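Starting from the known structure of chain A, arrange chain B on it as the hints suggest.
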Amino acid sequence: MRGSRGGRERDPGVEEILRGRRGEGPISRKAPGPVAWFDVRSMTTGHLAFSIHRITGIGIVFYLYLHLAVLSMLLGGEDAWSGFLELATTPLFLGLDVILVFGLLVHGLNGTRLALVGSGFVADHQKALFWSGMAFGAILLLYAALHVFTAGD
Amino acid sequence: MAVRSRPDGAGRSRSWRWTALTGVALLLLVTIHMVAHHFVVEEIGGLRTYRQVLDYIATPVIFVIEGVFLVVVTVHAMLGLRSVLLDLGMSDRRRRLLDRALVALGIVTVVYGFVLIGVLASRA
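Chains A and B are the protein sequences, given in the same order.
Mind the numbering: the first sequence is residues 1 to 153 in this note's numbering, read in order.
Mind the numbering: the second sequence is residues 1 to 124 in this note's numbering, read in order.
Read the hints as simulated data drawn from the structure, not as lab findings.
In this text, all values refer to a predicted model and were calculated from it rather than measured experimentally.
Note that beta-carbon positions come from the ideal geometry of N, C-alpha and C, so glycine has one too.
There could be a bad hint or two in this list.
[What the hints assert, rightly or not] Restraint ranges, calculated between C-beta atoms of paired labels, are given here:
#	chain 1	residue 1	chain 2	residue 2	range
1	A	PHE38	B	GLY118	37 to 43 Å
2	B	VAL68	A	VAL70	18 to 24 Å
3	A	ASP79	B	ARG96	20 to 26 Å
4	A	TYR143	B	ARG14	35 to 41 Å
5	A	VAL35	B	ARG94	15 to 21 Å
6	B	VAL68	A	HIS147	24 to 30 Å
7	A	TYR143	B	ARG100	40 to 46 Å
8	A	LEU142	B	ASP92	43 to 49 Å
9	B	ARG123	A	PHE62	26 to 32 Å
[What the hints assert, rightly or not] Residues on chain A that point at chain B, a partial pick, calculated with CB under 10 Å:
#	residue
10	TRP37
11	THR44
12	ILE58
13	VAL61
14	SER72
15	ASP79
16	ALA80
17	TRP81
18	LEU85
19	LEU104
20	GLY108
21	GLY111
22	ALA115
23	HIS125
24	HIS147
25	VAL148
Pulled out of the complex, with its shape left as it was, chain A reads as follows (with noise of 0.2 Å):
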């Protein structure tokens, strides 16, 4: 769909923002359910963006919970957590960190994006507002990444 403000043309990847905003749920409706999130035919920057949105948006409420369960460990007292602190310390767990920090990033730029558009600030530069964050979501990731395997060197 195609809409105009000020006589430009609307970038479609808006329409579907706003749309979504008068949609069922917080976040736009792309379709009828999450096969579409990883139909890559024809897949546009806003589609990129929803999918991506979604996927990481489930895996962060997963950590959220796994969370909970491993703080639960310090209720077991000091071995408990030295003995956990073994084992997130290997670099397996470590660079499951790196992967947890790319999803915050990714999911937090793109909220932000989805924010913005969606109370009708940036409409027109949503497609650069989410390149732009994606490039400073690499910046923070490769400095996370390095802090999480280098700390305490």
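Chain B alone, transformed into the frame defined by chain A:
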């Protein structure tokens, strides 16, 4: 707590607004949480020892910040889950059940989280 599913525009817009508001708050709270937990600690992986965790959570201002973080992240997570699950397509009856289930899950999560950090703070 009963939650009425509102298919009207006002209800949908309210859901979007709360997701956006909690999302913006989380930008600040997650940054504080991540930096305080993982970027000011010198041990590898930025992970605290048992004693460090207890001392940290027992600090009153940190306890309040972590408590607010717990509530805001849970509200945002439940609204997000709702949105994802609604993508599956549901009848009004199932939607109402979903709303109640998510409110219950959110309350259980917040209560358990507060019990957890409360017990840990009391051990410091």
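Any hints from earlier that this structure breaks? Give me their numbers in increasing order, please.
Numbers 3, 11, 23 - these are the hints that the structure violates, sorted from lowest upward.
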